[in-house]
Amino acid sequence: TVMTTQTTEKQDGLRALEGAIEEVTSKITSFGGTLTVKMAPKIVTDVEEADLARQLEKAEEENREVAGDDDEEEEEIGMGGIDVDSEGEEIKEEKENDVDEQ
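Last residue of the sequence shown? That's 102 in full-length UniProt numbering, and every number before it is there in order.
Incorrect hints may appear among the rest.
Said to hold, decoys possible - Straight-line Cα separation of at most 27 Å, DSSO-like style, residue types lysine-lysine; simulated pairs:
| no. | residue 1 | residue 2 |
| --- | --- | --- |
| 1 | K58 | K42 |
| 2 | K42 | K27 |
| 3 | K10 | K42 |
| 4 | K58 | K38 |
| 5 | K38 | K10 |
| 6 | K38 | K27 |
Unchecked claim - DEER-style ranges, computed between Cβ atoms:
| no. | residue 1 | residue 2 | range |
| --- | --- | --- | --- |
| 7 | E57 | T36 | 36 to 46 Å |
| 8 | T5 | Q55 | 13 to 23 Å |
| 9 | R15 | E49 | 14 to 24 Å |
Treat the hints as calculated values from the structure; they're not laboratory data.
In this text, all values refer to a predicted model and were calculated from it rather than measured experimentally.
Built from N, CA and C at the ideal position, the CB exists for glycine as well.
Construct the entire structure; sequences and hints are all you get.
Put into structure tokens, the structure is as follows:
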């Protein structure tokens, strides 16, 4: 997750983000989790902002590709040859036909 802010008062924006990180960290740790800040808040130029947007877009694309790969792998492993409909119910017609043929 990325937090951003836009303001004419740069130092106020920086303090707001730092405060938000403290609040989020506090809430997450209260539930036993951890938060890792990969990059502390900083004031960026328009060029840096555009570069960050490109990096985020690339990371999102890579995540979508990985997530799609995982789904296919789970289907192959988890289905085990059982035919199911869209609600996850086993399709019995085909199973009954298989039994009759044997």
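Taking the hints in turn, this is what the structure says about them:
no. : hint                  : result
1   : K58 - K42             : holds, 21 Å
2   : K42 - K27             : holds, 23 Å
3   : K10 - K42             : holds, 9 Å
4   : K58 - K38             : holds, 17 Å
5   : K38 - K10             : holds, 21 Å
6   : K38 - K27             : holds, 18 Å
7   : E57 - T36: 36 to 46 Å : violated, 22 Å
8   : T5 - Q55: 13 to 23 Å  : holds, 18 Å
9   : R15 - E49: 14 to 24 Å : holds, 19 Å
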